[in-house]
Amino acid sequence: MNFGFMKAESAPPNGREVAVIGAGPSGLATAGYLACLGYQVQVYDKLPKPGGLMVFGIPSHRIPADRIQRGVRDLERRLGVIFRTNTKICCSAPMHEEEGDHFACDILSLNDLVDNYDAVMICSGSWKSRKLGIQGETLKGVYSGLEFLFPIRAIQYASTNVSVPDVRGKRVAVVGAGHSAVDVVDSAISLGADKVSLLYRRTAKEAPCGSYEIDRMREMGCQWLERCTPVAIHGTDKVEGIEFRNAVSGEQETLPVDVVVGAIGEFPTPPFQKELGLENVRRGEVRWLNMTALDNVFVAGDVLSGPSKIGKAVYSGLRAARSLSNWLDLKAQHRESEYNFDEDKMTR
Amino acid sequence: MLKGTRTLHIDYSKCIGCETCEAVCKFLHDTPRITMTRTTEGIMIPLYCKHCDKAACMGVCSRGALNRDRDGAVVLQPLLCRGCETRNCVMACPYAAFFATCSGVAVAKCDLCASRRDIGLGPACAEMCPCGAILYVDRDEVEALESEESRKAHKRVMDHIRPPRCSR
Ligand SMILES: Cc1cc2nc3c(=O)[nH]c(=O)nc-3n(C[C@H](O)[C@H](O)[C@H](O)COP(=O)(O)OP(=O)(O)OC[C@H]3O[C@@H](n4cnc5c(N)ncnc54)[C@H](O)[C@@H]3O)c2cc1C
Ligand code: SF4
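Taken in order, these protein sequences are the chains called G and R.
In this text, residue positions in the first sequence follow the working numbering: the first is 1, and each later residue adds one.
In this text, residue positions in the second sequence follow the working numbering: the first is 349, and each later residue adds one.
These aren't lab readings, by the way, just hints derived from the structure by calculation.
One-sided and incomplete, this derived list gives chain G residues near chain R with beta-carbon spacing under 8 Å:
1. 1
2. 54
3. 64
4. 67
5. 210
6. 213
7. 309
8. 310
9. 312
10. 315
11. 319
List time: in silico DSS-like cross-link candidates among lysine-lysine, alpha-carbon distance up to 25 Å:
12. G:170 with G:238
13. G:140 with G:170
14. G:312 with R:374
15. G:170 with G:131
16. R:374 with G:309
17. G:205 with R:500
Ideal Cβ positions, reconstructed from N, Cα and C, are used throughout, including at glycine.
Next up, chain R with everything else stripped away, as it sits in the complex:
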């Protein structure tokens, strides 16, 4: 069912932490759904939703507010979500890609620029990244895009959001 659909993929080894992706997202959606964080080593990195094939968030939302749309994007339906206090999705996401908000809907997440897709455009962050670090690509192609550097850089990001257990 997900065959032939596209998702976002960031090659962190090409990313220079310039914040353009977050800026463009914020301009379009007010609460950005791709957000910058600074690791303890001082690298700026964007956190984002990968619209996973097996999306943990979809499984934990008790209201069924997270669903797959026709293009394979995991989208939040604000009418169903509104008011939920558990924030199960925030906790379940392995990539820290849910963002708590203080407006009506409890959380914000990437919908691959749904309203832009409606008129034939792609996600804006990928359009504007100066380094070509963000791609909107076929799910099947993601693996082939990885390189030694990108895997290393990705691991640095993961170690930051899920610190390896202290060995002692």
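Chain G extracted, bound-state conformation:
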């Protein structure tokens, strides 16, 4: 991915420095756009490698990792972007609460960045897994989609504090029918699971992943259970079965399984959610496109929209980057008042 696609060469420095928090698609697109304009960009990420969910979530057979790393190298070499990996930008909430936090060796606060840079772009994604909210969810053998997928990719970068879920020869139930549910099914099968069942509360027609993917999974031997809503996970010290309401038969059934993966989505956990007034940015009630309640602090990607897609994150990152540079340009000339937010919102 050529994140610096706006230019063929490097750009003459414009004397401004910007910090980007998060090296997923939105952060990398922001970094590339601004670096092409001559900004000195530093990208902070808590993980050991840039790429965000493209590298640590989506299985490698779907996105060739080297394409992303080549794009990152080009940002470094041609456009002078500096990557600070293993560095978490601190939030008000306690540490160790999202997937991947244990990689962070360095911790910096958002205030430090605000003080030291002309502007800050927050692109920290959407990493906190939604829970099933049923009895037995804390049993050993229950995972969220990201808890399951993250270690499979992360193990290449550090083997001490992550371990790939052990599903060899086991029976696995996956709940959900989005893309991450499909990825969990694919991964479980390739990790040698004995039997994989997919439970979805609606029908194949309504599944976000589409009927083509469902047919493909069934061909691989995955059991498809539609209109099935989990009500409890059973077991004494570890998972032994999942109980669900089958709306087709109208009965309550129990499927004996050893592993349950709830792949029902994630939600964003940005540093300083309230202080930044992110709700207002989401509703578009701000004076500058993608700018938070703090001057010079912008936000883009899934952290703003909730889980979306790579393309949406890239678009958001590019627009926010353009907005950021417009802001700094007009501010330097004391002409902020000339900015027309509604126009920017509609026409771009």
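Here the structure of chain G is known, so what remains is to put chain R with the ligands in place on it, guided by the hints.
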């Protein structure tokens, strides 16, 4: 005359439907000229202009607003197109790669990022596709790039935009 020129080629078997191509196009050109559609089977696919050797759109435009530029791209000349209501081109394109707009010019189509080519850059979608599914390649090389999977995936796309006739 088209010898040695390049065109866009998507290998649909490598595409994961991530929308990055559309997003980048929209960022640069406002109305995207490569757009995502969801098939009835639920696969997301980008529709795009192949700048065909024998371009049907060029033949049906009564104003001569569709022309070949120096790099072999089929480009729309807004000054000639403006105001046409027939949308002949939209109907003639076998790949559904013309997009009706509600702004001044009636339609939008890919011009292989003409303004980027002017300064030595290639089409932005190909630069940013995370999967390397979009290539900006020599026309003569396209055939050699095809594989069993890519042909199958391409057929799925074609069946969606031109459903096979009901056999009954
Ligand atoms: C399993 C799965 C499969 C998916 N499949 C697809 C697909 O097939 N196609 C598709 O288009 N989309 C897919 N998506 C969605 C896609 O990956 C995301 O929409 C996209 O990556 C969001 O980009 P982002 O830049 O906003 O955030 P992310 O990619 O999440 O990147 C955020 C980055 O910020 C870092 N970070 C977070 N907090 C901090 C902090 N406090 N300090 C420092 N760094 C921090 C994280 O480490 C991460 O690297 C999938 C998602 C998942 C989970
Ligand atoms: S950017 Fe590439 S992978 Fe994504 S939808 Fe477009 S062609 Fe497919």
